[in-house]
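Start from chain A and add chain B according to the hints.
Protein sequences appear in the order of chains A and B.
Sequential numbering from 1 applies to the first sequence in the working numbering.
Sequential numbering from 1 applies to the second sequence in the working numbering.
Derived by calculation from the structure, the hints in this document are not laboratory data.
Keep in mind the model is a prediction, meaning the values are calculated, not measured.
For every residue, glycine included, the Cβ atom is placed at its ideal position computed from N, Cα and C.
Hints are not guaranteed to be accurate.
To spell it out: a stretch of chain A is covered by chain B in this simulated footprint if at least three of its residues, at any positions, have a beta carbon under 8 angstroms from a beta carbon of chain B; those stretches are [claimed, not checked]:
(1) 45-51
(2) 99-112
Restraint ranges, calculated between C-beta atoms of paired labels, are given here [what the hints assert, rightly or not]:
(3) B:Ser26 with A:Pro99: 14 to 20 angstroms
(4) B:Thr53 with A:Gln17: 48 to 54 angstroms
(5) B:Ser28 with A:Glu15: 42 to 48 angstroms
(6) B:Pro9 with A:Gly16: 34 to 40 angstroms
(7) B:Ala65 with A:Tyr10: 38 to 44 angstroms
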Amino acid sequence: DGGITQSPKYLFRKEGQNVTLSCEQNLNHDAMYWYRQDPGQGLRLIYYSQIVNDFQKGDIAEGYSVSREKKESFPLTVTSAQKNPTAFYLCASSMSGGPGEQFFGPGTRLTVL
Amino acid sequence: GIQVEQSPPDLILQEGANSTLRCNFSDSVNNLQWFHQNPWGQLINLFYIPSGTKQNGRLSATTVATERYSLLYISSSQTTDSGVYFCALETSGSRLTFGEGTQLTVNP
Chain A
1 DGGITQSPKY
11 LFRKEGQNVT
21 LSCEQNLNHD
31 AMYWYRQDPG
41 QGLRLIYYSQ
51 IVNDFQKGDI
61 AEGYSVSREK
71 KESFPLTVTS
81 AQKNPTAFYL
91 CASSMSGGPG
101 EQFFGPGTRL
111 TVL
Chain B
1 GIQVEQSPPD
11 LILQEGANST
21 LRCNFSDSVN
31 NLQWFHQNPW
41 GQLINLFYIP
51 SGTKQNGRLS
61 ATTVATERYS
71 LLYISSSQTT
81 DSGVYFCALE
91 TSGSRLTFGE
101 GTQLTVNP
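Chain A on its own, in the form it takes in the complex (with noise of 0.2 angstroms):
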């Protein structure tokens, strides 16, 4: 079955602790996103990668990193410099960096006590 997976479901941190966030996709597509996703919000960019080895910025990047050593891997890292990091994060991945279909991730719910 081809598509992205994001672990784990449901996320548990204390304040102050780094949190990596997985995303895996088969669908051997170029490009893959990370998204926020706050209550009764729409999503908004953190990071995104074109290519393996490349990533830039999005809307709200600061207090993540992220790392695109495989063109099937897109770990992201919650830091302790994220001020309010409890949400929704979703994972997406599009066949190519240009104008493209993307496709979504179940999300993973971190929660930050």
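Coordinates of chain B only, in the frame set by chain A:
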């Protein structure tokens, strides 16, 4: 950056009713997508429609790029249609900008 406005913000229907959701945007776009977010948070692709009209079963969508709006039509609504509907626009660099969504509730 591009502004995306969705209306109405909330919509309550009886099962079997038809509805139209609207997405207005402030700039030209390379890509426009409609999504349905189910109660578990999963975003389901409905349409990839930068221009023109597409239909998929009870749903159809029309984008008039020159007038900067898109419409999503839902006919004969079912309770499983409930959830949040988002439009999202790509202007450059493959970045999607999302609207605030329309919360649809379909009552039996």
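Hint-by-hint comparison with the structure:
Against chain B, the segment 45-51 of chain A contributes 3 residues with a C-beta closer than 8 angstroms to a partner C-beta. That satisfies the three-residue criterion, and the hint holds. A stretch counts as covered by a chain when three or more of its residues have a beta carbon under 8 angstroms from one of that chain; for the segment 99-112 of chain A and chain B the count is 9, and the coverage holds. Distance hint for Ser26 of chain B and Pro99 of chain A: a CB-CB separation of about 18 angstroms, consistent with the stated range 14 to 20 angstroms. Between Thr53 of chain B and Gln17 of chain A the beta carbon distance is about 49 angstroms. The supplied range of 48 to 54 angstroms therefore holds.
One distance hint, 42 to 48 angstroms for the beta-carbon pair Ser28 of chain B and Glu15 of chain A, holds here, with the actual separation near 43 angstroms. Under the hint 34 to 40 angstroms, the C-beta atoms of Pro9 of chain B and Gly16 of chain A, about 36 angstroms apart, fit the expected range. Distance hint for Ala65 of chain B and Tyr10 of chain A: a CB-CB separation of about 40 angstroms, consistent with the stated range 38 to 44 angstroms.
Going through the hint list in order, the structure satisfies each hint without exception.
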